[in-house]
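Here are the chains, one letter per residue:
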Amino acid sequence: MKRRYFDHVATNPILPEVLDAMMPYFREEYGNPLSVYDLGMNAREAIENSRQQVAALINAEPSEIIFTSSGAEANNFALRGIALARQHEGKHAIVSRMEHHSILNSARVLEKMDFAVTYLTPDKYGTIDPETVRRAITDETTIISITHASSEVGTIEPIKEIAEIAHEKGIVFHSDAVATVGNIPVDIKYLGVDLLSMAAHQFYGPKGAAALYLKKGQRITPLIYGGIQEGGRRAGTENVPAIVGMGKAAVITGEQIVNRMNHVSVLRNKLIKGLKKVPNIHYTGDLEKRLPGHASMCVEYIEGEGMLLLLASKGICAASGSACTSKALKASPVLLSMGIPSSLAHGSIVFSLGIDNTEDDIDYLLEEFPQIIEKLRAMSPFAAKGWADMEEGGSCTAKN
Amino acid sequence: MYSKKLMDHFQNPRNVGEIPDADGVGVEGNPVCGDVMKLFIKVDSGKIVDAKFQTFGCGAAIAVSSMITEMAKGKTLEEARAITKQSVADALDGLPAQKMHCSNLGADALHKAIDDYNAKKTGS
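Chains as they are written, first to last, in the working numbering: chain H, 705 to 1104; chain E, 3 to 126.
Chain H extracted, bound-state conformation (with noise of 0.2 Å):
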């Protein structure tokens, strides 16, 4: 059976031609960077050369390009590293209920540390009013991280206005843009951005490579403390071949990116036209300023599970919000900020979409999962009657 792949929001394949590039590093190239001898120079300038590439994509200078393993780490890296070059400033922090967890289980470490944090709740679209971040603001506020997307229901924020909010009184922000960089264009200076998360696995580079952006002359306290790699600011043996991967898909997005776009959306468009005739699905996200390619909604009086497991007998590969698809047990937190109610929170469902997908995977995709719906509604108690009074209320520790 064919795979069809809709979760591009999770991660991308590696490009050839991207592989093709790392390939050397892993065996001719060995090098370590610190090294003085001509392996060590070669890894360094390889390096270096990616650091250009990635700074050019966001329009940034390469000595602003602080490479990381993951976005989680440079998301860690960002929110407490301001938080404690600047303590002696204020302690209070300010995020977004629309956050990734390496964000909301960061500033929840702050805490920990005697932190103050505030957790913005978005609109019912997902959006966080920058009016709502004006109102959050205390003296003691040195940063705010608000992403710049959600991979959950694919609202892009209002993060340039935000930004100049934060700037008005000298508070440093920071914005999580792992899931825009590579889908969207991102111009830091546009954008006034003081910090930036990004990772090559979304942009169909490798995994294990991501960068954060940090505007010069910023402080910042490190994370991890050991050798000078990163000007002393992110320590350990660089990944060479991954981040040479990572400047080589920068390259390729940078050219690809209006036909990435075009391509994802004509697609984007056709899923969502052709389950026009699935009645009971309640899309979410704003419609319009959100992800191209992303088509995430909720599925009424059935659940994200089930629908993912007979996805995946047909081939497809997609993502919930569901509480039965997360270890937790507990629905989004993404989809509850909304206002969404948990009963129809569990039947999230999210198509994510990439440059390997053709029309032919939205016809089987359309030809497969309203039959989905359909099994699963057909053995539903509230598919024919509605919920009637078993929404909300209730205890659900009466069942364990």
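To be clear about the criterion: a stretch of chain E counts as covered by chain H if any three or more of its residues have a C-beta under 8 Å from a C-beta of chain H, and this derived list gives those stretches:
#1 10 to 17
#2 23 to 37
#3 48 to 58
Since the hints were derived computationally from the structure, they do not count as laboratory data.
From the three backbone atoms N, C-alpha and C, an ideal C-beta is built for every residue, glycine too.
Following the hints, complete the assembly by docking chain E onto the known chain H.
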């Protein structure tokens, strides 16, 4: 994550649907938490002669529902009462630990359906 047997019951569930003139109905669960099971039984001479279900929930919840209807059919009410969460899980070759409580509603729904049958009988 799931056993072959569980996947079979999830993908090819037995006894899906309603029994309009059921002798007993049991509902267990809550859509806020994730899983709701509605179980219908038909009783004749103290034996469960038919059982059907409707379930809102994950793969495990649906497989448990399918399995419990198969286990209940043909049993006396007393024998059916002896079915436990553990015996349903065992019949499915095991459930993942985190699904053992939240998705394992079959035994409770069955016991509620038997209670409902008994209440109706003594009431009439």
